[in-house]
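Protein sequences appear in the order of chains A, B, C, D, E and F.
Residues 1 to 333 in our numbering are what the first sequence lists, from first letter to last.
Residues 1 to 333 in our numbering are what the second sequence lists, from first letter to last.
Residues 1 to 333 in our numbering are what the third sequence lists, from first letter to last.
Residues 1 to 333 in our numbering are what the fourth sequence lists, from first letter to last.
Residues 1 to 333 in our numbering are what the fifth sequence lists, from first letter to last.
Residues 1 to 333 in our numbering are what the sixth sequence lists, from first letter to last.
It does not matter which identical chain is meant; a pair holds if it fits inside one copy or across any two.
With a cut-off of at most 35 angstroms between alpha-carbon atoms, the simulated DSBU-like pairs for lysine-lysine come out as follows:
{"#": "1", "residue 1": "K70", "residue 2": "K91"}
{"#": "2", "residue 1": "K120", "residue 2": "K145"}
{"#": "3", "residue 1": "K2", "residue 2": "K72"}
{"#": "4", "residue 1": "K239", "residue 2": "K91"}
{"#": "5", "residue 1": "K145", "residue 2": "K2"}
{"#": "6", "residue 1": "K91", "residue 2": "K230"}
{"#": "7", "residue 1": "K123", "residue 2": "K291"}
{"#": "8", "residue 1": "K239", "residue 2": "K291"}
{"#": "9", "residue 1": "K63", "residue 2": "K239"}
{"#": "10", "residue 1": "K239", "residue 2": "K263"}
{"#": "11", "residue 1": "K91", "residue 2": "K9"}
{"#": "12", "residue 1": "K23", "residue 2": "K263"}
{"#": "13", "residue 1": "K239", "residue 2": "K23"}
{"#": "14", "residue 1": "K63", "residue 2": "K263"}
{"#": "15", "residue 1": "K145", "residue 2": "K291"}
I should point out that these hints are in silico values taken from the structure, not numbers from a laboratory.
6 protein chains.
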Amino acid sequence: MKIFIDEIKENEPVDSLFLVREKSFGVTKNGNAYLKLSLVDRSGEIEGRIWTSVDLVSGSFEKDDFVHLKGKAISFQDHLQMNITHIERVKEEGILLADFFPMTERDVDEMFQSLVEIGKQVKDPSLGQLLVLFWEDKPFVERFKIAPASTRLHHTYIGGLLEHTLSLTQLIVKNASHYTGLNLDLLITASILHDLGKVDELSYHRSFDYSDEGRLLGHIILGMERLEDKLRQLSDFPKDLALQLKHLLISHHGQYQWGSPRKPMTLEAVMLHYLDNLDARMNGIQQFLRKQVPEGSRLSRYHPFFEQYFYIPAQKVEMELPNITEEKEIEEE
Amino acid sequence: MKIFIDEIKENEPVDSLFLVREKSFGVTKNGNAYLKLSLVDRSGEIEGRIWTSVDLVSGSFEKDDFVHLKGKAISFQDHLQMNITHIERVKEEGILLADFFPMTERDVDEMFQSLVEIGKQVKDPSLGQLLVLFWEDKPFVERFKIAPASTRLHHTYIGGLLEHTLSLTQLIVKNASHYTGLNLDLLITASILHDLGKVDELSYHRSFDYSDEGRLLGHIILGMERLEDKLRQLSDFPKDLALQLKHLLISHHGQYQWGSPRKPMTLEAVMLHYLDNLDARMNGIQQFLRKQVPEGSRLSRYHPFFEQYFYIPAQKVEMELPNITEEKEIEEE
Amino acid sequence: MKIFIDEIKENEPVDSLFLVREKSFGVTKNGNAYLKLSLVDRSGEIEGRIWTSVDLVSGSFEKDDFVHLKGKAISFQDHLQMNITHIERVKEEGILLADFFPMTERDVDEMFQSLVEIGKQVKDPSLGQLLVLFWEDKPFVERFKIAPASTRLHHTYIGGLLEHTLSLTQLIVKNASHYTGLNLDLLITASILHDLGKVDELSYHRSFDYSDEGRLLGHIILGMERLEDKLRQLSDFPKDLALQLKHLLISHHGQYQWGSPRKPMTLEAVMLHYLDNLDARMNGIQQFLRKQVPEGSRLSRYHPFFEQYFYIPAQKVEMELPNITEEKEIEEE
Amino acid sequence: MKIFIDEIKENEPVDSLFLVREKSFGVTKNGNAYLKLSLVDRSGEIEGRIWTSVDLVSGSFEKDDFVHLKGKAISFQDHLQMNITHIERVKEEGILLADFFPMTERDVDEMFQSLVEIGKQVKDPSLGQLLVLFWEDKPFVERFKIAPASTRLHHTYIGGLLEHTLSLTQLIVKNASHYTGLNLDLLITASILHDLGKVDELSYHRSFDYSDEGRLLGHIILGMERLEDKLRQLSDFPKDLALQLKHLLISHHGQYQWGSPRKPMTLEAVMLHYLDNLDARMNGIQQFLRKQVPEGSRLSRYHPFFEQYFYIPAQKVEMELPNITEEKEIEEE
Amino acid sequence: MKIFIDEIKENEPVDSLFLVREKSFGVTKNGNAYLKLSLVDRSGEIEGRIWTSVDLVSGSFEKDDFVHLKGKAISFQDHLQMNITHIERVKEEGILLADFFPMTERDVDEMFQSLVEIGKQVKDPSLGQLLVLFWEDKPFVERFKIAPASTRLHHTYIGGLLEHTLSLTQLIVKNASHYTGLNLDLLITASILHDLGKVDELSYHRSFDYSDEGRLLGHIILGMERLEDKLRQLSDFPKDLALQLKHLLISHHGQYQWGSPRKPMTLEAVMLHYLDNLDARMNGIQQFLRKQVPEGSRLSRYHPFFEQYFYIPAQKVEMELPNITEEKEIEEE
Amino acid sequence: MKIFIDEIKENEPVDSLFLVREKSFGVTKNGNAYLKLSLVDRSGEIEGRIWTSVDLVSGSFEKDDFVHLKGKAISFQDHLQMNITHIERVKEEGILLADFFPMTERDVDEMFQSLVEIGKQVKDPSLGQLLVLFWEDKPFVERFKIAPASTRLHHTYIGGLLEHTLSLTQLIVKNASHYTGLNLDLLITASILHDLGKVDELSYHRSFDYSDEGRLLGHIILGMERLEDKLRQLSDFPKDLALQLKHLLISHHGQYQWGSPRKPMTLEAVMLHYLDNLDARMNGIQQFLRKQVPEGSRLSRYHPFFEQYFYIPAQKVEMELPNITEEKEIEEE
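Throw the hints in and build the complete structure from the sequences for me.
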C-alpha cells in the first residue's frame with residue numbers, strides 16, 4: 001500500500017513506491033561518496049540518502065524513474081530524511097498515476113464520451129469526418145485524456161486538457177445560438193481541437209513541464225502539424241473551410257503577446273477566444289483560491305501572473321468552501 | 001411626410017423636418033451676412049443657406065433644434081445645398097426619433113419586459129428590492145430605454161444600452177450554472193445595473209456624444225451615484241452585499257487602462273467582465289461588418305480601435321449577409 | 001514600562017506589552033500541541049512559544065490583540081525565542097500607539113489646526129460649508145488624524161495622511177497664484193479632501209494593510225461616497241461646482257494605470273495631480289533614503305517600485321544626514 | 001508602345017495598356033449610368049469614364065483586369081480624366097510586369113543562381129536534399145522569384161523576396177564564422193527558407209496586398225505548411241534537425257508582437273533574427289530615403305511605422321545620391 | 001506699414017513685407033513656367049503667383065527670405081491668391097520679428113533681468129561664477145532671449161524659452177524651502193540652465209523647427225556641450241558639484257522614453273523634473289485652450305499628444321476667458 | 001602560491017591572498033566585539049572571523065583591500081568559516097588580477113593591436129587623427145584594456161570592453177561593404193569609440209559595479225565628454241563630421257528605453273546599432289549557456305533580463321560544449 005510522503009514519521013520504517021525527481025552525488029566529511037535523492041509523490045517531497053554500495057546501486061535507476069524503496073526516516077537539521085536500505089526500479093505500468101500527480105476530480109472516460117457526443121452534432125460532413133479521424137487515432141486519444149491543460153495557470157492536473165476542452169465546448173454550444181449567423185459546426189470542431197498541440201507541448205509523465213518540442217515550437221504550431229496530418233487524409237476537405245479552421249486554432253490566444261501569430265478576425269474566432277479565456281480564468285482562479293487563501297482570510301495571496309489579489313465574498317453561504325488545509329508541522333524542541 | 005436627406009434631388013423643392021447640427025454666419029462677397037446651417041437626419045447631412053432676413057430669422061431657432069424647413073436644393077461646387085425660404089422651430093414632442101437617429105432593430109418595450117422578468121428570478125430579497133426601486137424610477141427607466149451603449153464601439157444606436165444589458169444578462173443566466181459556487185442573484189443584479197451610469201454619461205437626444213458629467217466623471221462614477229442613491233432607501237441592505245455589488249460595477253471593464261478603478265477580484269466579477277466584453281465585441285464587430293466591408297470583398301476595412309481587419313468567411317451560406325449598400329452617387333458632368 | 005523587542009536579551013526575563021501578529025499551533029516531537037506566536041512592536045518581531053495549558057490559554061486572546069506577556073528569552077537555532085509563562089489580553093485603550101507603530105514626527109493636533117486654518121481661507125460659501133461639515137464629523141476627524149497615507153510608498157506612518165494632506169495644501173497655496181485664472185477655493189478644498197477615502201481604504205489599527213473595502217473599491221470610490229454623503233446635506237450646493245470637485249478627486253492620480261477613472265481635464269485638476277505626485281515622491285524618497293542606504297555609501301538600494309536607485313550627494317554639507325542605524329547583532333559562537 | 005500615365009497630356013489621344021484598379025457605376029445629372037474606372041500603371045493613376053454602351057461594355061472586363069484602352073484625356077475639376085472610346089480585356093501573358101509594378105533593379109535569374117550556389121555549400125545531406133526539393137518545385141520557384149518581401153516596409157517590389165533572401169544568406173555566410181560553435185548548414189538552410197511563406201501570404205499579380213491565406217494565417221504558418229510538405233518526402237530527415245529548423249523559421253521575427261509564436265532560443269536563431277532585421281531595415285530605409293526626402297533637405301519626412309525621421313549626412317560625397325524627382329505639375333489657370 | 005495676410009481683401013492692391021515659406025515652379029496649360037510661392041506672416045498664409053520674367057525674378061530670392069511684395073489679391077477656386085507684380089528681397093535687420101512669429105506677451109528684457117536677479121541669490125561661488133559666465137556670453141544671451149521652448153507643446157513662441165525658464169525658477173524658489181535638506185543653490189542654477197541646449201536644438205528664425213543638431217543630438221546633449229565649455233573655464237569648479245549639476249540637466253525629462261538618458265536620482269533632480277513638467281503642462285494647456293475650444297463649448301478639441309480632451313469649467317467667473325476668434329470667412333455665392 | 005577559496009578544506013591551515021568584500025563588527029554572547037569579514041577571490045566567497053586584538057587589527061585594512069591572511073577553516077552551522085590569526089594589507093601592485101576577477105580568455109595586447117590596425121585603415125585624416133589621439137592617451141588606453149563591457153549582460157569580465165569593441169569593429173568591416181553608400185571611415189571610428197564612456201561608467205578594480213559618474217550620467221554622456229575633449233584638440237575637425245560621429249555614439253542603443261537620447265537616424269547609425277546588439281547578445285547568451293544550463297539538460301535556466309529560456313541543440317556535435325561544472329559539495333552527516 002502506498003505510504004504518502006506527508007504521512008512519514010521520524011524513526012519509522014518506510015516501504016513504498018516513489019518517483020525520483022533528482023539524483024546526485026555527495027561526499028561525506030570522510031571523503032566517501034553517497035547518493036542524494038529527491039523523492040516525490042502527490043503529497044510532497046523528501047530527501048533520501050544511500051550511504052553504501054553507491055557504485056552498484058547508482059546504475060540501477062535514473063532520475064524520473066519510479067522506485068520501490070525501503071528505509072527509515074530520521075531527522076537531520078530539522079528536516080526528515082530517509083536513509084535508504086533498499087531501492088529497486090519499478091516499471092510505469094505498475095504505477096497508479098493518481099498517487100503521484102494531481103488528477104482531475106472528474107471521470108476521464110465520461111468526459112471523453114461527452115465530448116465525442118457533442119462532436120457528433122456536427123452536421124458538416126467534412127468537419128465530422130475530421131473529428132472521427134482524431135478519435136480513431138488511439139495514441140492521440142490516450143495522450144489527450146491524460147495531458148494537463150497548462151503547467152501553471154489553469155487545469156494543471158492529469159486530465160486537465162480534456163476537462164478544459166469539454167468545458168469550453170459546452171460553453172460554445174450554450175452561447176453560439178445567442179448570436180445570429182455563427183457557423184456552429186466550425187465552432188464545435190475548433191473548440192474540440194483548439195488546444196490539440198498541448199498533447200505534444202507538455203511533458204507530463206514525470207512532472208508538468210514543457211517538452212523540447214513545446215519549448216521550441218509551442219502548442220499552436222504543434223497542433224497545426226497534427227491538424228495538417230489529418231487534413232491530408234481527407235482529400236476533398238474544402239480548402240476554404242480548412243483555412244477558417246486553421247485561423248481559429250492559431251488565433252485563439254487572441255493577442256500577439258500571448259503567442260498567437262494572428263488576432264481573431266472572424267466572429268467565430270472572436271467567440272472562441274473570449275470563451276476560452278473565460279474558462280481558463282474561472283478554473284485557474286478557482287484552483288488558486290483553493291490553495292492560496294490564508295486561513296481565516298477572505299483575501300488570497302498575491303497572484304504573480306495576474307498581478308493582483310483575489311477575494312472570496314462572505315455572502316456566498318451556499319458556496320462550496322475552498323478546501324484550505326493548514327500545512328502540518330512537525331517540530332523538534 | 002419626412003423627406004430624407006439622401007432623397008433630395010437638385011432643383012426640387014423640399015418641405016420637411018430636420019435637425020440643426022451646426023449654425024453659423026458667413027459673409028458674401030458683397031459684405032452681406034447670411035446663415036450657414038448644417039442639417040441632418042438619419043440618412044445624412046446637407047448644407048443649408050438663408051440669405052434674407054438673417055437677423056430676424058437667426059433668433060428663432062438654435063443649434064440642436066428640430067426645424068420645419070421649406071426651400072430648394074441647388075448644386076454648388078459639386079455638392080447639393082439647400083436655399084431655405086422658410087424655417088420654423090419644432091418641439092421635440094412632435095418628432096419621431098427614429099427619423100433622426102439610428103435605432104435598435106428590436107422592440108424596446110419587449111426587451112425591457114424581458115429584462116424585468118429575468119430580474120424577478122432574483123431570490124435574494126435585498127437585491128430584488130433594489131431592482132424594483134430602479135424599475136419604479138420612471139425618469140430613469142425612460143432614459144434607460146433610449147440610451148445607446150456607446151458612442152463608437154458597440155450598440156451605438158437608440159435603445160442600444162437596453163439591448164446590450166438584456167443580451168449580457170441572458171448570457172449570464174446561460175453561463176452562471178456552468179461553474180459551481182457562483183452567486184447568481186448577485187450576477188443577475190450586477191449585469192442589469194452594470195452600465196447604469198451610461199444614462200447620464202452620454203447625451204443622445206441630438207447626437208451621440210458625451211455629456212459634461214460623462215466627460216468629467218465617466219459612467220462608472222455616475223452609476224455608483226445612482227446606485228448609492230437607491231441603496232440609501234434600503235436601510236437594511238446588507239453591507240457586505242453592497243460592497244460586492246459595487247465591486248462588480250466598478251471592475252467590469254476589467255483593466256485600469258479601460259477606466260476601471262479596480263480589477264475583478266471575485267469569480268462573479270471575472271465572469272461579468274468576460275461576458276460583457278464578449279457581448280460588446282460581438283455586437284461591435286457585427287455593426288462594423290455591416291458598414292465597413294467593401295462590396296465584393298470578404299475583408300473589412302481597417303478597424304482603427306482594434307487595430308486589425310476583420311473577415312467574413314465564404315463558408316457561411318446560411319448566414320444572413322451583411323447589408324452593404326453602395327453609397328449613391330449624384331454627379332454633374 | 002515598555003520593553004522593546006530589540007532590547008530583549010538571551011536568558012533575561014521579559015514583562016511587557018506586545019501585539020500578536022500571528023497565532024498558530026505546532027506539534028512537538030512527542031505529539032503535544034503548543035502555541036506559536038509572532039509578537040511585534042515598533043522595534044521588531046520575535047517568536048513566542050506557550051508549551052502548557054495550551055487549550056485554556058488559546059481561547060483567551062486572538063491574532064491582532066494586544067497582550068501583556070511574561071516569559072524568558074532563550075536562544076533556539078540562532079534566534080531568540082520567548083518561552084511565555086503568562087499571557088493576558090489588554091484593551092486598546094491602554095495602549096500607546098507610538099509604541100507599536102511608526103508615527104509622524106510632527107504634532108498631529110498642530111497639523112490638523114493648520115489645515116483647518118487654510119480651509120478657512122476658502123471664500124466660496126458652499127465649499128467652506130462643505131469643509132465645516134467634514135470637520136464636524138468627529139469619527140471622520142479621528143480617523144483622518146491617525147491614518148497613514150499609503151501602505152508602502154510615502155507617509156507610511158500613523159498621521160501620514162494628515163501630514164501629506166497639509167503638505168499638499170500648503171504647496172497648492174504657494175503655487176496657485178503663479179498661474180492666472182485658477183479657482184483657488186476649489187483647489188484648496190479638493191486638496192484637503194483629495195485622499196479622503198484613505199480613512200476607509202487602509203486598516204491601520206494593527207498593521208498597515210488594506211481593508212476589504214479598500215481592496216474591493218479603492219480610496220477614490222470610498223472618498224466619493226463620503227463626499228456624496230456630505231453634499232446631500234448641502235441642498236443648495238451648486239451642481240456644476242460639485243461636478244468639478246468630484247472630477248478633481250477622481251482624476252488626481254493622473255493616469256488610468258494608477259487607478260484614476262479619469263485623466264485631469266481642467267487646469268486645477270492638472271495642478272492638483274502634479275503637486276500631489278511631487279509631495280508623495282519627495283516624502284517617499286526621503287523615507288526610503290533614511291532606511292535603504294547602506295552605511296558608507298551614497299547610493300541607495302534598488303527601489304523595486306520606481307525601478308531605480310537613488311543617490312545622496314556629498315555636496316550637501318548642510319543637509320540633515322539620514323539616520324542609518326546598523327542592525328544590532330547577537331551571535332553565539 | 002506603352003504610354004505611361006504620367007506622360008498623358010490634356011486633349012491628346014491615348015492608346016495603350018492599363019490595369020483596372022477600381023470599377024464602379026455613376027449616375028449623371030440626367031439619370032444615365034456611366035462607368036467610372038481607376039486605371040493604373042507603374043507611373044501613377046488616372047480616372048477613366050465610359051459614357052456609352054455601358055451595359056454592353058461593363059460585362060467585358062473586371063476590376064484587376066489588364067485592358068487595352070483608346071480615348072482622350074480631358075481636364076475635369078483640375079484633374080485629368082480619360083474619356084474612353086474603346087476598351088478591351090488583355091490576357092496577362094501579353095503583359096510586361098515591369099510596366100505595371102515596381103521591380104527589383106537586379107537580375108532575378110542571376111540572384112536565384114547565386115542563392116542556389118550558396119545552398120550547394122551545405123554539407124549536411126538532409127538539409128542539402130531539402131533545398132534541392134524546393135528548387136525542383138517549379139511552381140514554387142516561379143512564385144519565389146516574383147514575390148515582393150513586404151507590402152510596405154522593405155523590398156516592396158517584384159523580386160524583392162528573392163533579393164532579400166539572397167542578401168540575408170550572404171550576410172549569414174559572412175558573419176557565422178565570426179562566432180564559434182554555430183551550425184552553418186542549419187543557418188544557411190534556414191536563411192534561404194526563412195520567408196518561404198511569403199509566396200503565399202502576399203498577392204502581387206495585380207497589386208501588393210495580402211491574400212486571404214496571408215491575412216488569416218500569415219507567412220510563418222504558411223511557410224511551415226510548405227516546409228512540412230517537403231519534410232514528409234524526406235523520410236529519414238533527422239527529427240531533431242527538423243525541430244531546430246522549424247524553430248528558426250517560426251522565431252525569426254524575434255518578438256511576439258511581431259507575430260513570432262516563439263522567441264529565438266538558440267544561438268543560430270538569435271543570429272538569424274538580428275541579421276534579418278538588419279537587412280530589412282537597411283533596405284527599407286534606403287527605399288524610404290529615395291522617395292521621402294524633400295528636395296534640398298537632408299531630413300526625410302516622418303516615417304509612420306518607425307515613428308521617427310531619417311537623415312542623409314552631407315559628408316558622404318562618395319555616396320550615390322538618392323534619386324529625388326519632384327512630382328511634375330500640370331496646372332490650368 | 002505691415003498689411004497682415006488676414007486683412008487682405010479680394011481685388012485690393014497689396015504692398016507689404018512677407019516671408020517666403022515655399023517656392024516652386026508650375027507650368028500653365030500653355031506650357032509656360034510660373035513661380036508658386038507660399039507667403040506667411042503672423043496672421044496666416046496666402047498663395048502667390050509670378051507669371052512673368054520668371055527666370056529673372058526666380059534667382060533674386062529664396063525660400064525662407066523676407067521679401068517686399070506688390071500685387072493684387074484675386075479669387076481662384078474659392079481661395080485668395082496674390083498675383084505679384086513686384087518682389088524684392090529684404091534683409092532680416094529691417095524686419096520686426098513680432099510681425100512674423102507668435103511672441104511672448106511679456107517683456108523679454110524684464111524677464112531676463114528677473115532671471116539674472118534670482119541667479120544672484122546663489123551663494124555658492126562656483127555656481128554663481130558659472131551663471132555669470134553664461135550671462136557674459138552675448139551670442140548665447142541673444143539666442144536665449146529669442147528661442148521658443150518647444151515646437152509644439154508649450155511656450156511655442158519667440159521668448160518662450162526665457163519665459164518658461166523664469167517661471168520654473170520662480171517655482172523652484174517657492175517650493176524648495178518646503179522640504180528640508182535641498183541644495184537651493186544647485187536647484188536654482190540647474191533650473192536656469194535646464195533647457196540650455198534648446199538655443200541650438202530649435203531653429204526659429206524662419207519657422208519653428210528642429211535644427212540638424214537638434215534632430216541628431218537633441219537639446220540635452222547640446223546643453224551638456226555648452227555647459228562643459230563653460231565648466232572648462234572654471235578650473236576649480238568642484239568635480240562633485242559638476243557631476244550633480246550635469247545629472248540634473250540630463251535627467252530633467254524624468255523618463256527614458258522622453259529622451260532622458262537617466263532618471264532623476266537625487267531629491268533635487270526629482271523636484272526639478274516635477275516642477276518642469278508642471279510648468280510645461282500648465283502653459284501648454286492654457287495655449288491649447290485659447291485656440292482649440294469651439295465657440296460656445298466648454299470642451300476642447302481632442303489633444304493628440306496628451307490623448308484626451310480638456311475642459312473649461314463654467315464656475316470660474318473671475319477667470320480671464322480664452323480668446324476664441326472665429327475664423328473669418330469670405331465666400332462667393 | 002594562491003589557495004583558491006573553493007580549494008579550502010575543513011581543519012586545514014590557509015595562507016594566501018584574498019580581497020575583503022565586506023567588513024563589519026559582531027558581538028559575542030559574552031559581549032565582546034569581533035570582526036566579521038567576507039573574503040572573495042575568483043573562485044568564490046568565504047566568511048572570516050577575527051576574535052582578538054580587534055581594535056588594533058581593525059584599523060589596518062579596509063573593505064575592498066587585498067589582504068594576506070593566515071588562519072584555519074572550521075565548520076560552523078554547515079558552512080566553512082575561517083578563524084584568522086594573521087591579516088596584513090597588500091598593495092594592488094602585487095596582485096594578479098586574474099586571481100580575483102573573471103578575465104577575457106583572449107590576449108589583451110593582441111586584441112588591442114588588432115583594433116589599432118583596423119583603425120589605421122581609416123582614410124579620412126580627421127577621423128584617423130582622432131583615433132591616434134585616443135591611442136596616445138595612455139591612462140585611457142590602460143583603462144580601456146581592463147574594463148568589462150557590462151556588469152551583467154555580456155562580456156562581463158576584465159578585458160571585455162576591448163573584446164567587444166574589437167568584435168564589433170570586425171563585424172562592421174565585414175558587413176559595411178554589403179550595402180552601398182555607407183561611410184566606412186565613420187563606421188569604423190564610431191565602432192571603436194562607441195562604448196568609450198564605459199571606462200568611466202563602471203568601477204572594476206574591486207568588483208564589477210557602476211561608479212558614481214556611471215550611475216548619475218551613464219556611459220553615453222561620459223563618452224561624449226571624452227570625445228569632446230579630444231575634438232577640441234583637433235581644431236579643424238569638420239563640424240558636420242563631428243555631428244555625425246556624435247549621433248552614432250548617442251544613438252547606438254537604438255531605443256529611448258535603453259537610454260539612448262536619440263534613435264539611429266542615418267544608415268550608418270542603424271547598422272552600428274544592429275551589429276552592436278548582435279554582438280552583445282551572442283556573447284551574452286554564450287556566457288549564460290556556459291553557466292546556466294543544468295547538467296544533462298539542453299534547456300537553460302530562465303534568463304530574467306531576456307525573460308526567456310535558451311536551448312542548446314543536440315545536433316551540434318562539432319560545437320565546443322559548454323563547460324558545466326557541478327558545484328562541489330562538502331557535507332557533514
